[in-house]
Amino acid sequence: MLTRFFLMGLDRKAGLVLTVLALLAVLVPVMTLIVPEGSPWHVSIFTVSLLGKYLCFALLALALDLVWGYVGILSLGHAAFFALGGYAMGMYLMRQIGPRGVYGNPILPDFMVFLNWKELPWYWLGFDHFWFAAIMVLVVPGALAFAFGWFAFRSRVTGVYLSIITQALTFALLLAFFRNDMGFGGNNGLTDFKEILGYDIQAPGTRVGLFLATIAALALSYMIASGIIASKLGKVLVAVRDTESRVRFLGYNTESYKLFAWTLSACMAGVAGALYVPQVGIINPSEFAPASSIEAVIWVAVGGRGTLAGAILGAVLVNFGKSYFTGALPEFWLFALGGLFVLVTLFLPKGLLGLWAQLTARLPNAKGPNAKGKNAPNGNTADQKGM
Amino acid sequence: MSAEDTLLYLDGVSVSFDGFRALNNLSLTMMPGEMRAIIGPNGAGKTTMMDVITGKTRPDHGTILFEGETDLTKLREASIANLGIGRKFQRPTVFEPHSVWDNLELALKAPRSPLKTLTYAISREDRARIEDILDITRLSPKRDRLAGSLSHGEKQWLEIGMLLAQDPKLLLVDEPVAGMTDAETEQTARLLCDIAGKHSVIVVEHDMSFVRALGVKVTVLAEGSVLAEGSLDSVSANQQVIDVYLGR
Ligand SMILES: Nc1ncnc2c1ncn2[C@@H]1O[C@H](COP(=O)(O)OP(=O)(O)OP(=O)(O)O)[C@@H](O)[C@H]1O
Ligand SMILES: [Mg+2]
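Just so you know, the protein sequences line up as chains A and B, in that order. Throughout, this note's numbering is defined as the position within the first sequence, counted from one, plus 31. Throughout, this note's numbering is defined as the position within the second sequence, counted from one, plus 165.
Calculated directly from the structure, the hints in this document are not laboratory data. Where is the CB? At the ideal position from N, CA and C, for every residue including glycine. Possibly wrong hints are sitting among the right ones.
Unchecked claim - Just a few of them, taken from the derived set where beta-carbon distance is under 7 Å, the chain B residues facing chain A:
| no. | residue |
| --- | --- |
| 1 | A243 |
| 2 | N247 |
| 3 | F260 |
| 4 | L271 |
| 5 | R277 |
| 6 | P279 |
| 7 | Y285 |
What the hints assert, rightly or not - Reference listing, derived: stretches of chain B covered by chain A, where coverage requires no fewer than 3 residues with Cβ under 8 Å from a Cβ of chain A:
| no. | region |
| --- | --- |
| 8 | 251-258 |
| 9 | 262-270 |
All chains should be built: construct the whole structure from the sequences, respecting the hints.
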């Protein structure tokens, strides 16, 4: 049954995405670990972690596209789930430091010693085990999303109002995590990690391993998402996006459908955050900032909403641009990002992938626009329902 | 009148929108297997009546019972649909980004929970049923077309097809022939009469030749309540009906 599920989602686009990811998974480790440093083909460890970071963002974008592109829920708070997954991983990494911290306390992280805490708060218990942290990476964002969605969807909050309360959610978490007495390191967050699963977190081998884990998570999530979209459940989701009330009159309990996609999406975002933290070496409350969630929306819009592959493409391209701009012209980045969003909304309502579909549809041997973006929302519905 | 043997029982149903009474003490009963045509001027409350039956609008007062026992005023839309009440909307609403086939597949009677739809694999019977409906609604050649690309009349037919796929006990059909040619109107009348054998049907329509072709009991609504009831000929002869509706 599981194979059938994954096969269902395997169209040409999925094949392309998975092939690119597989190529990266082979080439990057070889070019980093085997190709000697002097060679023009060598990829530095810095670049590997940068790529890994982009792919974590791509996973966040994929999660967002699942709910925005296919269910019409424009979440302006998805980075909250990402950050929660990141904190769960960060807590594990903090416990791994053990007595190697500045204060040398074998149990308490440095910031707790600094605050004169005597023992570990109860919610830190268990995070010395990787398996426990790994479960929490899914459970914490998932449970929050479930509770949030339960109330929001049952009260039939939709559209702009729903977007605003997702934004409020991440903002509330931002304020909470800034507080020192929350026990998550206040505005410094969690950092100075040493080891993951007993491996030196700075070692090239570990870095490549984390990169590969990110690719695997992205590929698996992509397959899950495209399997869902291709299933009858996915068709119900798209129907809910465009005409929710009509779906109800067919006897579908649309709330539970939205809740399913929403919770799954939050779990994916949590995994993305968990993979992000060891690769960038820090997690702090700024990840909860409303702007982070809005940036994720821009990635999806740029790549093409409701296409999955577009979300990945958009996240990687925009973040590549961000790395470039913040290095070369730091003061221009925000303008560039804002301008990009305006341009895409005005001229490319279906994003880069939509543009690609249009171009290939003009070619004589192409299969036509329906082959690719069949379920993609058109520009108008994006304007009316999405925003 | 007792509610026991009825399929649908409305008693004293009222709905106000900002003080305006769209339904005013409306009472109406339907027997199992019956087909009923509802006519009445614009704004008479015909669509609103369907809204209160299907849970879209909550009545301010009154009783609505399905099969003599289930109180519909307490249920949500999806539960009401799952009891076996299907609806076609006045403005045809189909799932535009989906193909004709997928629209029917979504409507097809089958378990409605997310887990069941996630693992749904179309069975041979389901396939045959959809093929059947495609033939009945003459949409077979367009099965792979996106529903959004159909003409107005074809969307009407698709929505009727979706109703058939749902296989409800009671069908509420709001203005099925709006935007259809005479020939299509005639076909639709025949189709609805075919359906009526196995199901109960309420049809709202302004097209009098269509109502005549159905040849069933007619209820005239005006200002939110029943003005007259009976055969088309008898209500057409009713002076009040002529005044508020037919004579205009
Ligand atoms: N949601 C609503 N809010 C406010 N007023 C409404 C609402 N729904 C219906 N009405 C009003 O209630 C009255 C009855 O409307 P309804 O749509 O039931 O009429 P109808 O008999 O179906 O008319 P038509 O033949 O034009 O379809 C109308 O005056 C309409 O404006
Ligand atoms: Mg009406």
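Taking the hints in turn, this is what the structure says about them:
1. A243: Because about 5 Å separates A243 (chain B) from the closest Cβ in chain A, which is inside the 7 Å limit, the hint holds.
2. N247: Hint on N247 (chain B): holds, closest Cβ of chain A at ~4 Å, below 7 Å.
3. F260: Check passed: Cβ of F260 (chain B) comes within 4 Å of chain A, closer than 7 Å.
4. L271: holds, 6 Å
5. R277: At about 5 Å, which falls below the 7 Å cut-off, the nearest Cβ of chain A leaves the hint on R277 (chain B) intact, so it holds.
6. P279: holds, 5 Å
7. Y285: holds, 4 Å
8. 251-258: Coverage by chain A holds for the region 251-258 of chain B (4 residues, Cβ < 8 Å).
9. 262-270: Coverage by chain A holds for the region 262-270 of chain B (4 residues, Cβ < 8 Å).
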